[in-house]
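Given the coordinates of chain Y, work out where chain C should sit on it, guided by the hints.
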Amino acid sequence: MNLVVIKYNAGNTKSVEHTLSRLGVQAVITDDAEQIQNADKVIFPGVGHAEATMKYLKEKNLDKVIKNITQPFLGICLGQQLMCAHSEEGDVDCLGIFPVKVKKFKSADNHIKIPQMGWNNLYDLKSPLFKNIPDLSFVYFVHSYYSEVNENTIATCDYIHPFSAALQKDNFYATQFHPEKSADAGQKIIQNFIELC
Amino acid sequence: MLTKRIIPCLDIKNGQTVKGVNFVNLIHAGDPVELAQAYVLQGADELVFLDITATVENRKTLIELVERVAAAINIPFTVGGGISTIQDVDALLNAGADKVSINSSAVKDPSLINNLSDRFGSQCIVVAIDTRKEDDWKVYTHGGRNATAMYTKQWVKEIEERGGGEILLTSMDHDGTKNGFALDITKWCTDNLSIPVIASGGAGNNAHFADVFNFANADAALAASVFHFGEIKIPDLKMYLKDHNVPVRL
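Keeping their order, the protein sequence lines are chains Y and C. All letters in the first sequence, in the order written, are residues 1 to 197 by the working numbering. All letters in the second sequence, in the order written, are residues 198 to 447 by the working numbering.
Think about it this way: if two alpha-carbon atoms lie no more than 30 Å apart in a straight line, the pair counts; the simulated BS3-like pairs of lysine-lysine are:
1) Y:55 to Y:103
2) C:375 to C:439
3) C:350 to C:375
4) C:330 to C:375
5) Y:58 to Y:103
6) Y:103 to Y:169
7) Y:106 to Y:55
8) C:439 to Y:106
9) Y:126 to Y:103
10) Y:104 to C:384
11) C:257 to Y:7
12) Y:55 to Y:7
13) Y:106 to C:354
14) Y:188 to C:439
15) Y:188 to Y:131
16) Y:67 to Y:55
17) Y:103 to C:354
18) Y:67 to Y:103
19) Y:7 to Y:60
20) C:350 to Y:104
21) C:350 to Y:106
22) Y:131 to C:439
23) Y:7 to Y:131
24) Y:7 to Y:104
25) Y:169 to Y:64
26) C:384 to C:330
27) Y:106 to C:384
28) Y:101 to Y:188
29) Y:58 to Y:7
30) Y:104 to Y:58
31) Y:104 to C:354
32) Y:126 to C:439
33) C:305 to C:257
34) Y:101 to Y:60
35) Y:103 to Y:64
36) Y:126 to Y:169
37) C:210 to C:257
38) Y:188 to C:430
39) C:335 to C:305
No lab work stands behind these hints: they were computed from the structure.
Excised from the complex, chain Y in its bound form (with noise of 0.2 Å):
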């Protein structure tokens, strides 16, 4: 399989090639428009701030690029943002697959911390992506900012209140959660990612 993840300014692409490694995939890293038109899969991580790295996805012309693939994407954290139709962070359109707002948590508490980090668990799983994963599963977050639990959600987290953990339409997937951080049970989200979907 011909499997691209694409390589950007917010890409921490490390964890997910050692992941895809584990299930033997060897995947190219590259932000090559053609080379992504060209893959059966891609793979869009991301860490970093949400108006910076549209701006830099703009400037490379990826952000056409990726609105317009017709193969299976998986948008991971920050990906999963971006692909949203806009982003608090930095009060930026973003790139409109799925029709959301991302906005920023807010806490009254000390008690409840933001960024959320750690693991949380997931539920109302609804997607290929989730096969054989359990109700409940824990996989670890990192972020601020987050979605609305919305007619894309295909599964559910609690920080706070309800919100997306995962986003579906068509061939788009992506998740909030770093399923290359989330032992066992991520690897196997993206297994599923690699086979079924």
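Leaving out everything else, chain C in the frame of chain Y:
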């Protein structure tokens, strides 16, 4: 529900794991990659690797170790020790570390916290503090060897304002004693900061962990030798915590 994190810390010297008792008298405690894999299987939520020699010559050895660890484990890990530049952080994150921990270099130049946080995101910048109670809690640097004039309560607020992502708070008064964590300063930090606090120093039994989570509201707790020598086993600890109303990942 977001769970409390249990974090074994591996002190590294020349690519091997060691643990200081009160920061001296190092005892050999195994191969870091092997130990890391064992902790993942036991249910550790994160790992911390602390390079206690942290010299320029050892940097390359550390980077190679980080690469081996990243290839071997699938939970988040933090690397600390001797980090003082953007280049250091870039090299460690590129080698596969999820977070870096800075300590003395941040005390020497607090703007380092802003610079690293702006460049890499605050979520990967852990600021570690070694602290000891005098008239109030004070900040020490260089592995606890050097006293400073700084007060810990002021320093943690400054770290938060400058964009630090997490505080790793080690009480030198408690470290190595196995008499429990420093509950008062840990609680002060969790009450007064909006960023997560990792409590460190003094773990001796399961009840100490329950106390630091239930009383001091720590977001995570870190320990070394009690895990390395099997005095506390992570699966048993997590069952104990669950029975004492602490949310944990099982």
